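Participant: Chain residues, written in single-letter form:
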Amino acid sequence: MSAFRQPSVLPGFGLTFGFTTFFLSAIVLLPLAALVLMSMSMHWKEFLDVVLDPRAIGSYRLSFGASMLAATINLVFGFIIAWTLVRYEFPGRKIIDALIDMPFALPTAVSGIALTTVFAQNGWIGQYLEPFGIKVAYTWIGVTVALTLIGMPFMVRTVQPALEEVQRDLEDAAETLGAGRFYVFRRIILPTVLPAMLTGFTLAFARAVGEYGSVIFISGNLPMKTEITPLLIVIKLEEFNYRGAAALGTVMLAISFVMLLAINLLQTWGRRRVVAVGR
Amino acid sequence: MSITLDQVTKRYQGVPVVNDASVDIGDGEFFVLLGPSGSGKSTLLRAVAGLTGVDHGRIALHGRDVTHISARDRGVGLVFQNYALFRHMTVADNIEFGLRVRRMRRAERLARRKEMLRLVALEGMDERLPAQLSGGQQQRVAVARALAHKPEVLLLDEPFGALDAKIREELRRTIRQVQRELGITTVLVTHDQEEAFALADRIGVMNLGRLLEIGRPDELYTRPTTRFVATFLGAANLLLARQNRQGVHFSTPGDGSGRSQEVVAVIRPEEIELAPARDQLRSTYLAEGRVDEIVFTGALERMRVRLNDGSTQAVLAHSNGGDTAFLEVTRAQHEQRAFQVTTGQNVAIGVRRVHVLPTPLSSFTACALTAPEVDRLSREPLLVELATRMKTRIATHVEPCLGIDDGPCAATPDAFAGAAVIGAQRDTAKSVRWLLEHGAEEVLVLPQNASSPQRVLIYWDDEASRAATLAVSASLLRHLSAEAVYLDILPDSTPATQRPHGMRALLDARSEAQAVHGLEMRTELRFGDVAGELVRQLTESPDQLLILGVSDAAGLEQRFRALLGTEPRWPLLVVYRAPEPDA
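Residue numbers (the working numbering), protein chains in the order written: chain L, 1 to 279; chain F, 280 to 862.
Treat the hints with care, as some may be off.
As the list claims (entries may be wrong) - To give an idea of the interface, some chain L residues facing chain F are shown, with a C-beta separation under 8 angstroms as derived from the structure:
1) Leu170
2) Asp172
3) Thr176
4) Ala179
5) Tyr183
6) Ile188
7) Pro191
8) Pro195
9) Thr199
10) Asn241
To be verified - Negatives, chain F to chain L, calculated, CB over 10 angstroms:
11) Asp352
12) Arg424
13) Glu742
14) Asp771
To be verified - Anything over 10 angstroms on all C-beta distances counts as not near chain F; from chain L, calculated:
15) Glu46
16) Phe90
17) Thr108
18) Glu130
Just so you know, the hints here were simulated from the structure itself, not pulled from any lab data.
Computed from a prediction, not measured in an experiment: that's the story for all the values here.
The C-beta atom is built at its ideal place from N, Cα and C for all residues, glycine as well.
Given only the sequences and the hints, what does the whole structure look like? Please build it.
Facilitator: Below is the structure:
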């Protein structure tokens, strides 16, 4: 154990490390292992049938596609919100800052119902979109809207502290060197907050993939069209098809893990460019 | 001129942080802005760089007015205290940043970068990241980056602040070398007077947003004109002294030394001589004292000498502030050998060289009819604030008549050393007149709980009092962050042909204030009855103070009835100089 032991001010490495392993195992790894084991008890053929069922494929596409789209929307607009909150002083700033956390606290079903009400064909916003042929509720757009709402605080809350750390001096220095505003933004600010933006993107994406409550109300749940994978899993559970549910869960697990790993690697690579080895 | 600042003023939420700063900086000059934190020096530097807009005034670089030109088009190089290097870029990219922005070709860029790295002695460091460099090296990169695009002016904002002493000195030398080699006009901001002395061709000392004094380091050290500069640049003892035709002496008032004027004297610690007894001094005798504390610092010996009773009240302040019963003394090796002292020893104190500050407001004397009133007056917040800022003392004086009663009047000609202070009351005019006729030359009238002025109005009634009013105004305003406004008031009946003369008088006054006293002031021309117009101006906005120059004490009551007849609601400083007898 002494091989990877780091000198630290606080004693008790053994205790804390043991606790970390236990906790991770009990809460994260064991259930996941059970999930995989459960799906392993199926035949290959049976497994593939469930997993490659056209209805399942459609749900993957919606789940991961809409999550990716929502996280991307959050990447842009979450950044703008964080920027506004950090850089400007305006009346009501504190209130808006507090509102950001609302999607965290609200039961997701509530936000789902609220969004449906607003975006339904006769809803506050929906009635104005209707004449243009844009339907939000009960389409994939609605799913994206719900997932954007759910992921937004993750983005804002990770980018905010990073933006606060961008020293004004850097921008001033660039300006005296003759750089225009856009140049300063592209060459100085963006590279500095990019790692935080990637983290925010990852969190928002991960949250969106796992989201259930808010989506089922606004999506309409049409098989092949507006049915997300978590819903499909619930449907299987309600049919007492535990193994089918486990198979779908395993696929989600695999895809999520690969995507999160990819983003994390990208981030590590980016960070290594900024913070050099040693001093 | 490389850099011209003309009456530059910057306010934050109405409070001026840079107040009427004017200076001309020559080509290739190394100019140091020196001041304590919060004195507005960094703001002024940022204004020159174009990172901060100004509310008033003009900034020109090489004759080109850049007041409204953005930082990116000003062509200055700026170095920050925390380096402000782009951490995600290599040293090479950092230095080439300004060149890339200007779309310089690759080969030229490379050549320029190599030249810059040689200049700051960092050859071969091109591909390092800032995090791989030490603090001193990072600041060198910052200097190279600031110079790469060949700016006309180099600005340095506390560039050594974050470095330790040894590296600081090394970098200081590099910067001076680079500056000489390129011949680039440089402005450096610092709070460290040693740094200022080591680098500057000229130093501008700032305090409370004002550029107090500008001069060569040795000039400012030996002949400062303000208390602030005297105590901020090097160590100094400030003493109240009396000056007459024979010279300066330090005896207390009322000892029969004849008609003399109270002045503020600066004595540098190294100009003080110690001897076992008075007759063994080779310099002018000052007082007897006892050595209280000795600190050995290698070449020099620093001590604090406590003055014996009777002479303690002369000391106003020294650079270290605090207790004023001491004199700060430093002695070189040969002095230590000639006369060894130990703690607790009694010594005679002599002074080799005294510098008298040309400031007319030496101290304040609170005057009232009864002791409790005097006591209350001497604790007025505005008076205490002024005295603290001016590093001077408030003496008290109970005067049983003050021109109001016909009781016995005990005033001696010397009783009102410095400015006399009275509370605002119904008979203000009478009291002021009485004080002026009994030897006071400045009278400060204070209403109760007056607040610190944001605006100081200056008006003089006649030519005889002009010079003195300007001097007093300059002396007072150095210690306030208020703006100064000179009012000239012409009678309503002034014919149109006479009005240009009024304008000229106004501008003359402004130039004189600037040239003689370094006081920047606005000017306003008004028409109407003098006292009425002054009252109107004072009523217009809160927190104002009026400095009023007069030379006719007897006519005061009559002429300024509107101002002094009722109980004044504004702090008021009357400056009085009797007209020349032959005029």
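Participant: Now tell me if each hint is right for this structure.
Facilitator: Hint-by-hint comparison with the structure:
Interface hint at Leu170 (chain L): satisfied, since its Cβ lies 5 angstroms from the closest Cβ of chain F, which is below the 8 angstroms cut-off. A least Cβ separation of about 5 angstroms between Asp172 (chain L) and chain F falls short of the 8 angstroms threshold, and the interface hint therefore holds. At a threshold of 8 angstroms, the smallest CB-CB gap from Thr176 (chain L) to chain F is about 4 angstroms, leaving the interface hint in force. With a cut of 8 angstroms, the hint placing Ala179 (chain L) at the interface with chain F holds, because the nearest CB-to-CB distance is about 5 angstroms.
With a least beta-carbon distance of about 6 angstroms to chain F, the hint placing Tyr183 (chain L) at the interface is held under the 8 angstroms criterion. At its closest, the beta carbon of Ile188 (chain L) sits 6 angstroms from a beta carbon of chain F; the interface hint therefore holds under the 8 angstroms criterion. For Pro191 (chain L), the interface hint holds, since its Cβ comes within 8 angstroms of a Cβ in chain F; the closest pair sits about 5 angstroms apart. At its closest, the beta carbon of Pro195 (chain L) sits 10 angstroms from a beta carbon of chain F; the interface hint therefore is violated under the 8 angstroms criterion.
For the restraint placing Thr199 (chain L) at the interface with chain F, the shortest Cβ-Cβ distance is roughly 17 angstroms, beyond the 8 angstroms limit, so the hint is violated. Hint on Asn241 (chain L) is violated. Least Cβ distance to chain F is approximately 52 angstroms, over the 8 angstroms limit. For Asp352 (chain F), the requirement that its beta carbon stay farther than 10 angstroms from each beta carbon of chain L is not met, with the minimum near 8 angstroms. A cut-off of 10 angstroms between C-beta atoms contradicts the statement that Arg424 (chain F) is not in contact with chain L; the least separation is 7 angstroms.
At the 10 angstroms boundary, the C-beta of Glu742 (chain F) stays outside the reach of chain L, the nearest C-beta of that chain being 49 angstroms off. Every CB of chain L is more than 10 angstroms from the CB of Asp771 (chain F) (nearest about 47 angstroms), matching its label as outside the interface. Remark: the non-interface label on Glu46 (chain L) is consistent with the geometry, its nearest Cβ contact in chain F lying 52 angstroms away (cut-off 10 angstroms). No Cβ of chain F comes within 10 angstroms of the Cβ of Phe90 (chain L); the nearest lies about 17 angstroms off, and the non-interface call holds.
With a cut of 10 angstroms on Cβ distances, Thr108 (chain L) stays outside the contact zone with chain F, its closest approach being about 38 angstroms. No beta-carbon of chain F is positioned within 10 angstroms of the beta-carbon of Glu130 (chain L); the least distance is around 48 angstroms.
When the structure is compared with the earlier hints, violations turn up for hints 8, 9, 10, 11 and 12 and for no others.
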